[in-house]
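Asks: Just so it is clear: in the sequence shown, position 308 is 310 by the working numbering, and no numbers are missing.
I should point out that these hints are in silico values taken from the structure, not numbers from a laboratory.
From a predicted model like this one, the values you see are computed outputs, not experimental measurements.
A couple of the hints might just be wrong.
What the hints assert, rightly or not - Here are the simulated SDA-like pairs of lysine to any residue, each with C-alpha atoms no more than 20 Å apart in a straight line:
#	residue 1	residue 2
1	K756	R736
2	K727	P381
3	K445	R463
4	K552	G569
5	K760	T726
6	K329	A438
7	K679	G668
8	K760	S724
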Amino acid sequence: MFKRYTKLTQGSPLLTRLVVVVLLPLLVAGGLLLAKFRHSLPSDGALQLTQGVTAPVTIRRDAHGVPHIEAHADNDAYYAIGYVHAQDRLWQLEIQRRIAQGRLSEVFGRSSVQRDIWFRTLGLYDAARSAWPALSKEAQASLTAYTAGVNAGRASLETLPPEFRMLSVQPEPWTVYDSLAWIKMFALNLGGNFNREMGRYLAGQSLDAEHMAVLFPDNSIDSTMLAGGENVKNGGNAASGQLASMLAFQHKELTQGLGLGGRGVGSNAWVVSGKHSAGGAALLANDPHLNLQIPSIWYVVSAKGKTLDVGGMSLVGLPAVIFGHNKDIAWGGTNMMADAQDLYFERSDPANPGRYAVNGDWQDYTTRSVSVSVRSEFPDFLHPKYEPVTVQVRASRHGPIVSDMFKVFDQPVALRWTALDAGDTSYEAFFRLNHAADWGAFKQAMQLHVAPALNMVYADRQGNIGYLGAGRVPLRGKGNGSLPSPGWNDDFAWNGFIPADKLPQVYNPPSGFIVSANNSIVGEGYPYFISQDWASPARARRIEQLLRQKLAANKPLTMADMQQMQGDTLDLEAQEILPELLKLAPANEAQRQAMTWLRQWNGDMQADSQAAAIFHVWMRHLREQLFSAQFKGYWNKAEQGGVIRGLSDEIRVDTLRRILAQQQGGWCAPAATAGMKACQDVLRTALQAAIDEIYELKGDRSMDSWNWGKLQTALYGHTPFSQTKPLDGFFERRIGSGGSENTINVAASSFETKKGYKQHLGAGFRQVIRLQPDGVLNMYMNSTGQSGNLLSRHYDDMVEPFAKVQFVPLNPAVQSGEAK
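Using the sequences and the hints, build the whole thing.
Replies: See the structure below:
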């Protein structure tokens with residue numbers, strides 16, 4: 003090595019001095035810093051805890067960094083889970099806590115003030131505090147033990163992980179409320195119905211009823227009223243524009259800034275009864291779909307106590323296994339897509355703005371003052387200190403006034419949300435679920451769940467399977483919550499919740515399998531309203547299609563079958579629109595070549611498919627061509643335009659098919675008219691735009707190289723260094739990906755000019771579980787790795803195998819059970 007440097011610097015005194023004076027000191031300093039940061043990693047060997055527990059606890063990390071905890075008492079096991087969470091994910095715990103508390107500005111400065119005000123306005127942390135008294139003593143004890151474990155795990159690290167040092171942040175002691183607040187954040191991640199409310203509201207400013215029916219085919223848009231008697235649908239005044247801007251800003255902050263919620267949030271889960279599997283063992287498959295991040299929000303753990311014996315996926319910040327198994331049952335879940343959030347317009351008293359109208363009378367807003375501390379710009383010693391930002395937060399009987407942070411907006415808008423109700427027992431539900439031994443105990447546990455509303459699937463050692471809806475779903479007076487409602491009387495108020503035992507459920511159906519993929523879960527005869535925001539049924543249909551195909555072969559279903567299904571990338575909606583697309587007469591040679599690729603295609607969005615790339619980009623431009631004219635009043639307004647563009651991105655391929663087939667009129671015509679383009683012209687323009695875009699991205703006119711996986715890249719973003727160059731290259735991870743929003747192996751992506759398609763959402767983990775006589779076989783793969791420490795080999799060791807849909811056993815000793 004040194005001979006190369008000597009040869010390189012011969013005859014160049016300046017270069018020699020550069021190496022000696024600059025590069026060598028930097029290398030030495032970097033080496034010392036790296037050595038110091040390596041002390042922030044836990045030991046690879048077996049660890050025995052003797053302090054803070056009633057009896058010694060053993061923690062063994064396997065080859066993938068997954069801890070296997072053996073304790074003599076359940077609370078000692080919870081303590082150990084907290085301990086390993088802190089050792090492996092301390093920065094993640096710190097960021098999660100600060101998000102929920104509204105304290106990011108103390109670390110990141112002015113750029114986070116609006117986010118902090120938003121979370122202070124929501125009052126998630128106050129809601130978390132109100133949940134504590136509602137928990138049983140046993141559940142409280144588990145959180146107390148976990149909290150002690152987190153703080154002990156933090157103290158065990160000789161050096162804090164790199165992010166703490168780089169940002170000069172000192173972690174504070176963890177509390178039980180920090181854990182309960184993260185349940186609220188999980189609910190917010192899977193919620194976001196109020197954003198869809200706003201999308202419908204904005205669409206209604208530009209579209210008539212016929213066009214609205216196309217965009218929202220499952221919806222019955224109710225006609226609610228703005229303050230002052232103005233109809234929401236015909237509103238379009240300055241106040242409504244300000245409201246749109248306010249909520250659009252928050253939507254962008256949550257989805258892009260913090261990676262919470264957004265388009266495509268959901269999951270796949272299915273169970274197969276013992277009558278269809280080898281040896282009569284029930285099978286369960288699950289893969290939740292959330293925004294991609296590194297580290298993953300999920301952490302794999304195996305833990306045994308006196309009665310506790312669980313394995314699977316925990317949420318960092320909580321001691322319970324959220325989706326996984328114990329020795330008797332297995333469970334998984336998907337987002338129910340329930341409408342559990344409503345926006346209400348309040349009417350303030352002109353003579354006394356501190357009051358608002360309630361059924362012909364006046365009631366005082368509740369008011370509290372919050373102060374947001376703001377860090378100085380970097381470097382701190384060269385910039386003045388900022389004064390804390392103090393705001394007054396109001397709440398009505400419906401909830402926080404989310405419009406107050408925008409002082410230019412006079413119309414008070416309140417948010418009603420199940421997760422903000424006092425006495426939330428959601429943690430109690432999962433605490434009891436971890437100990438449930440049968441279907442009855444499973445149901446009793448999940449009846450305590452509040453938010454987010456979930457579809458829970460079940461399998462047990464006897465080969466039984468089941469499904470039930472869990473969570474609070476409101477019963478409304480007038481309307482269905484699809485648009486903002488008037489809050490000054492009780493006409494649109496919530497009148498309780500759907501009784502837990504009346505939510506959808508099924509046990510051992512004749513088919514022998516149950517599928518849940520965020521699709522509609524109720525038929526026309528169901529007496530209660532749950533949602534109008536169901537996902538496309540394409541994923542659920544494909545899962546059922548594959549199960550029926552395999553069953554038709556008269557062979558027992560296996561773990562390998564389930565794993566193969568989780569990697570499936572065939573898009574049924576793409577298949578079904580192809581005949582309409584192939585009617586197009588190409589206008590040039592490039593279009594002819596593109597059509598040739600599509601004629602040979604079956605709708606599989608696999609990463610190495612050229613046709614998949616052409617199709618996806620074509621559909622993006624087709625949406626823009628069809629809908630931009632209708633939304634032109636908002637398209638170029640920054641915040642509102644962002645919501646509208648997002649709304650058009652969510653339009654299903656099946657909706658495009660119906661428009662092209664003239665089953666839904668009003669968007670394009672069989673032949674051009676004075677007021678409408680011909681569908682063929684719209685298709686042709688969109689196809690040419692797609693071809694031009696791919697050529698610009700690839701720099702190669704040969705379509706042989708236009709693979710979908712080279713245009714779409716899964717981005718596992720890091721907080722905060724994905725927003726900081728050149729640190730983003732060290733902390734985040736990118737990998738080419740296939741799939742679409744309609745494939746089982748899901749991928750939701752957004753276009754970035756000159757960069758291509760960034761996959762921002764996908765499976766956070768994959769897990770297939772088989773309950774068999776000799777133990778529970780759990781085959782899994784997390785999306786990134788067990789560790790949140792950049793210096794750990796487990797920081798990203800699962801990124802590539804996850805992309806390849808590979809699996810590893812949680813308990814290798816049980817792996818041979820299926821072959822018997």
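Asks: Below or equal to 20 Å on CA atoms is what counts here, so check K329 against A438.
Replies: holds, 10 Å
Asks: Does G668 lie within 20 Å of K679 when you go C-alpha to C-alpha?
Replies: holds, 10 Å
Asks: Could you grab the alpha-carbon distance between K760 and S724 and see if it respects the 20 Å cut-off?
Replies: holds, 13 Å
Asks: Holds or violated: K760 with T726, Cα cutoff 20 Å?
Replies: Distance ~18 Å between K760 and T726 Cα, so the pair holds.
Asks: Does G569 lie within 20 Å of K552 when you go C-alpha to C-alpha?
Replies: holds, 16 Å
Asks: K727 and P381 were given as a pair; does the straight-line alpha-carbon distance stay at or below 20 Å?
Replies: holds, 17 Å
Asks: Is the hinted pair K756 and R736 satisfied, with a Cα-Cα distance of at most 20 Å?
Replies: holds, 16 Å
Asks: Verify the proposed pairing of K445 with R463, using a straight-line Cα cut of 20 Å.
Replies: holds, 16 Å
Hint compliance for this structure: every hint is met.
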